[in-house]
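Chains as they are written, first to last, in the working numbering: chain A, 1 to 194; chain B, 195 to 388.
Among the hints, erroneous ones may be present.
Unchecked claim - Here are the simulated DSSO-like pairs of lysine-lysine, each with C-alpha atoms no more than 27 Å apart in a straight line:
no.	chain 1	residue 1	chain 2	residue 2
1	A	Lys-127	B	Lys-314
2	A	Lys-127	A	Lys-138
3	B	Lys-335	A	Lys-177
4	A	Lys-164	B	Lys-314
5	B	Lys-321	A	Lys-171
Because the hints were derived from the structure by calculation, they are not lab data.
Number of protein chains: 2
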Amino acid sequence: MVRKAQFDDNDFILAAIELISLGGPAAATMAAIAKCAGAPTGSIYHRFSSRSALLGSAWFHCIAAMTGDILPHLSLGHNDDAIIALLQWTEANPAKARLIMLYGENDFIDGEIPTDLHKKLNGINKKLGTGLSALLQKKNKALSAANIALANFAIFDGPIAAMKPYLRARKPSPPLKCHEAALACGRASLELLE
Amino acid sequence: MVRKAQFDDNDFILAAIELISLGGPAAATMAAIAKCAGAPTGSIYHRFSSRSALLGSAWFHCIAAMTGDILPHLSLGHNDDAIIALLQWTEANPAKARLIMLYGENDFIDGEIPTDLHKKLNGINKKLGTGLSALLQKKNKALSAANIALANFAIFDGPIAAMKPYLRARKPSPPLKCHEAALACGRASLELLE
DNA sequence: TTTATTCTAGAATGATTATTTTAATTCATG
DNA sequence: CATGAATTAAAATAATCATTCTAGAATAAA
Chain A
1 MVRKAQFDDN DFILAAIELI SLGGPAAATM AAIAKCAGAP TGSIYHRFSS RSALLGSAWF
61 HCIAAMTGDI LPHLSLGHND DAIIALLQWT EANPAKARLI MLYGENDFID GEIPTDLHKK
121 LNGINKKLGT GLSALLQKKN KALSAANIAL ANFAIFDGPI AAMKPYLRAR KPSPPLKCHE
181 AALACGRASL ELLE
Chain B
195 MVRKAQFDDN DFILAAIELI SLGGPAAATM AAIAKCAGAP TGSIYHRFSS RSALLGSAWF
255 HCIAAMTGDI LPHLSLGHND DAIIALLQWT EANPAKARLI MLYGENDFID GEIPTDLHKK
315 LNGINKKLGT GLSALLQKKN KALSAANIAL ANFAIFDGPI AAMKPYLRAR KPSPPLKCHE
375 AALACGRASL ELLE
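Take these sequences, add in the hints, and give me the full structure.
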C-alpha cells in the first residue's frame, strides 16, 4: 500500500557497479552511491542493511550475470565455447567485468552479510562447481580436486588473467591475440587432466 | 651524529608486508604497523612521509625481490626457467608473493608518492619491459606491443593466475599440477608469438 | 658537562565516512 | 477526505584512522 518507492535495489546496485568500475571499491562510499543514484544517503538503508550488504549484492549481481552466460557451455562439455562466451560477456559488460575481474570478494564484503545474500553467494559457487564437474564428466575425467582446480584455471582464471591488462587500461575490446592466448592457455591446461 | 635510531625503514616495511599478507591492505593501518614493529605510530613518520609512501615502498620491495630472481632467465631467453623461478620464489616468499599477486598497486598507493619512490617504480617497470624484450629477441620475434603483451601473460600473469587459488588458501606449496599448468599455459602462449 | 640534534612516545587533532535519527512527504485505502 | 504506513530527506552521531604536535630521552661532539 501507500507511497510508491522512488528507488529500488537495482538503482543502488547499478550505481555501485558504475562507481566501482570507475574508481575501485573505495570510490563507492554510501554518499557517492546515493548521489550517483540521485537519492539521499538515508534511502539506501531502506533497501540494504549495510554497505557490505549493498556491495555484496553488487558482487552477486555481476557474478550471476556472468555465470548465466558460461554455465550452459560447461554443461555441454564445450570448453572453447565457454571461454569464448566469457570473452564476449566481458566485452559486452565492461563495468561488471571490471568489478569481478579486477577486484576480489574481500574488497567488498567486510563484516557480516545478511543470511539470504550469503545463501545466494553459496548457491552461485555451488553452481560453478557443478558446471566444472559436468565439463570433466563430459570428458570422462575424474572429479578429483586437482582436476577441478585445473578446469577452473582453464576456463576462468587463465582467460581472466589474459584480459586483465586490457580491462585495467579500459581498452574497449581486447585485441585478437589476447583471445587466442586465453583459448590456447585453456586448451593446454585441459590437456593435463588425468 | 647523535642518537642511534631504534627503527629503520625496513622494520616498518616488513611489518607492513606481514600485516597485508595476513589481512589485506586494510589491515595495514599505521597503528597496526607500528604495533607490529614494536614502535609508536609517530616514529613511522620519521621514516616515511605518509602511509602511501610506506605501502608503496613495501610494494616496491616485493616487486624488486621477485624481479631479481626472474630477470636473469629472461635475458638468457629461457622462458621455462623464468616461470620455474617465479614459482619457486613464490613458495619461498609467501608473504611477499601474496602482496604482489593478490593485490594491485592501486590498493597501496592512493594519492601522491615521493618522487624518488616514483622513480624506483618506473625503473623496475622499465627493467621488466627490457627483460621481456630480451626474451623476444632471443627467440627472433618482433618487439611489437602484441608480442610483449603475450610474453607478459606467458611469463607473469598466466602463472600467477595458476597459483592464486593456493596463495589465497595459504596452502604452503602449490601441488604439482599447478606448476605444470603454469608452464603449459606459458608455452602455449609463446607459440602465438609472431 | 653542556649543547645541539635526532629520536622515541603517545596523546591530540582533523578528516572521512558509515550509520542513526528525526522530520517531512506521499498516496492507496477506508 | 482523513489516515497512517512506507518512503524521502537531510542533518546528527559515532567510529575509524592518518597525521600532527608537544614533551622528554639519548648521544656525539664541543
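Status of the hints after comparison with the structure:
no.	hint	result
1	A:Lys-127 to B:Lys-314	45 Å, violated
2	A:Lys-127 to A:Lys-138	16 Å, holds
3	B:Lys-335 to A:Lys-177	15 Å, holds
4	A:Lys-164 to B:Lys-314	24 Å, holds
5	B:Lys-321 to A:Lys-171	24 Å, holds
Checked against the numbered hints given earlier, the structure breaks only hint 1 and satisfies all the rest.
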